[in-house]
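Asker: Spelled out from the first residue to the last, the chains are:
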Amino acid sequence: MRHWSSYRQRVVAGAFALAAAALLGFASLATPLLEIFPFYSWILFPVEPNGKVYQVYVERSGDRVFDPPLALNRAEGVVQNARSVVLFRVVQRLGRACQRGDEAGVARQRTYLEAVMNHGTVYRVVSVEADPIVLWRTKAPAKETPLRTFLSP
Amino acid sequence: MTWFARIRAVRRCFAGVSVPVPLSFHRQTEAWGNARVMVRAFYAGLTYLAASLIPAWEGIVHHVPTRTLWPVGWLHSEGGITAILCLSLFGAVAALVFPENRWARIVAFLGVLEYVAYANSFGKIGHSMHGWVFASLIFVFLPQEGFLRGASRAVRQQFLHVVWIVTCLLLYIYFMAGMSKVGGCLWQAWNGEMTVLNPYSLSEQIADRLNQTNTSNGVAVWLIGHHWIGWALYLGVIYLQIAALWAAFRPELIRPVGLAMLLFHIGTYFIFTIVFIPMVLFVSLFLLCCPWAPPTDLGWACWSRTPGLGWLLHRLTGKTSRPKVLS
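Note that the protein sequences, when read in sequence, are chains A and B. Residue numbers for the first sequence follow my numbering, so the first one is 1191 and each next one is one higher. Residue numbers for the second sequence follow my numbering, so the first one is 223 and each next one is one higher.
I should point out that these hints are in silico values taken from the structure, not numbers from a laboratory. This structure is a prediction, so every number in the text was calculated from the model and none was measured. It cannot be assumed that every hint is accurate.
To be verified - If you want a taste of the chain B side facing chain A, the calculated C-beta under 10 angstroms gives, among others:
1. Phe226
2. Ile229
3. Phe236
4. Gly348
5. Ile360
6. His383
7. Ser402
8. His487
Said to hold, decoys possible - Footprint (simulated), chain A over chain B, 3 or more residues, beta carbon under 8 angstroms:
9. 261–275
10. 282–292
11. 309–316
12. 366–379
13. 415–424
14. 518–531
For each residue, glycine too, the CB sits at the ideal point set by N, CA and C.
Bound-form chain B, shown alone:
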């Protein structure tokens, strides 16, 4: 069995029961067209993020880090910071204008890598820009011919696969965030500590965060006082984060999961004051604007395909486990 066949078997395992897709060639062409626009939109987003820093450049250049992360190990002066800011902005612009040129995509990747490494060289590494760094790197490997109008079916599939890798990586991030909470729960239960299964778990997390930052906000205070609601939301988020990985293999789940993660990021701002604005844009692009996702359906087509819960719903309702035919 070749590696390709093994990987395909894993994909089929995650995809579950599927039906033949009608007009598959037409759908591939359509998805590829959407993906080309999405790649350009990705670089537009990167340009926006880099350009939004311009008003702060004057202040940023004076902050020379004392202990740098490895990509900016060479950085010891204000001139170096200016160079990084310029590289991140003009690299993104170059890739937006010439996405079909690999050199432009490489420059965009170097720019975002250097800027994110610099911004995280002050004692704590934030993770809101990691997705952009990885996506920029993965997009370097987009096939050159994939940008041409007359690209063959195989090239179109290569192009779509590279975009799928980014989508899969994004969903893996959520999956790990969810699984780590399950692991943490088992570890704390083993040690006789409070776990996420305690109805006060989210209230404790919120209070801990408010203590850390010496802040307060209405939504957080309300949720501390209504711990049952907070607990239900918390468990729901953990389930959806774990289920996110399956969305990489089940197109019907991509947009509903994207919506859930978008609301999750908005919620974490109002509750924890954790700003994940670049991730909001990233999720919107790769999940809600996913090139191969069918029209959004938050009903049976979505819930029946969720892992675990979908199986339970089939058992309870007796409905067929075959998903709706993609149109």
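The following block holds chain A by itself, in its conformation from the complex:
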């Protein structure tokens, strides 16, 4: 009987633990990283891309000047792991922080971004509007709005 009682306790505790993990996952949506590691909401690719993204253009890296400026995901050899989706996410958060005027957020995302750049890199954060399929075909955004320019210390 003791073992069956223990089984029932495990069933109840397990159900509560699963519910708590789900609730913590939802609560984590209110945090900057959208996650209280390792609790996550599991909201993955929930929306269709609306054609509004942020991009970083490298204008200068050391003695090298780029004219026209080099898109971050094409800047292989200038930044580490230029095509990484990790950097893409950092750029999106940096762009949003720039647009909102969230200086703490800007500082946090710059730390991540500048860790993969050479010292003295000048880069510009730009808001880009383009239909993804058109952008993929033409590589030319419909509209670009410069937000801020930074110097990697």
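Since the structure of chain A is already known, use the hints to place chain B on it.
Answerer: Showing chain B alone in chain A's frame:
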């Protein structure tokens, strides 16, 4: 009504119509035996994942993160990274050799938690290893007597229930991934934006990903050009992700859902270049090697038990809604 009875009622609600299982005691013993092997196989997988990092250790130890996640808040030096790598490897080995010892399972959990927290302290949190972290934590609560040959029926059931919790959590992850797309669709429809119901939805997602990573591949380009096929696949995946939760309560669905999710992860690599290799192993273990799943049947036994679609099939064919007797 006790909490146990309430939970059992929820389980019955998800399970739907069921029939008595013949030789249930024998089946429980068989499932428990399979589960014991599966727990060991889980730690073998964890060991493999940790050992596969060894060639990269020399490079990894030089990457000290600037802003760490809370489990590695103490980490400020290369020595600390070496300690984490050693803990993740030897913790997994200890649990593989001594799975019956709780201390070994605790060390394995700490090792994988620390490594995954370290690896995700560089600006973006990836999710391919989260399942392994949670499973390691849940396995700490496996009953000690459950590893003994003469374990009582109640202990065997406790053991199986702990493994079921991991399976349920895995299926919940897919369920939420599917439900969030439904929620996103409603939200975008409300705002007059393009939704997943647009035939170009997958093409847009693929093009967006290719733009992000400045990459290209043949399968992705082909699917952008054949948007109707991509759309059908996309809607099918969303349905299967939502249906995944029901598989936790309907054993006939576990392996078909496991196969679908395995193909989904392989597909997302070829289309989006999203590498989810640890999840491929995790799904293979917990869904395709599920200790209590009946033999794989991708026919009527599977489709008639799917939520929504199963009901529709019963209405259309007039066949009985009672599932096939488990043998």
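Asker: For every hint, state whether the structure bears it out.
Answerer: Checked hints:
1. Phe226: Nearest chain A Cβ about 5 angstroms off; hint holds.
2. Ile229: holds, 5 angstroms
3. Phe236: violated, 12 angstroms
4. Gly348: holds, 8 angstroms
5. Ile360: Given a least distance of 8 angstroms, the restraint on Ile360 of chain B holds.
6. His383: Holds, about 6 angstroms.
7. Ser402: holds, 4 angstroms
8. His487: violated, 12 angstroms
9. 261–275: violated (count 0)
10. 282–292: Our answer is that it holds, as 4 residues pass the Cβ test (under 8 angstroms) against chain A, meeting three.
11. 309–316: violated (count 0)
12. 366–379: holds (count 4)
13. 415–424: Answer holds; 7 residues pass the 8 angstroms Cβ test.
14. 518–531: Check failed, 0 qualifying residues.
Hints 3, 8, 9, 11 and 14 from the list above are not met by this structure, while the remaining hints are.
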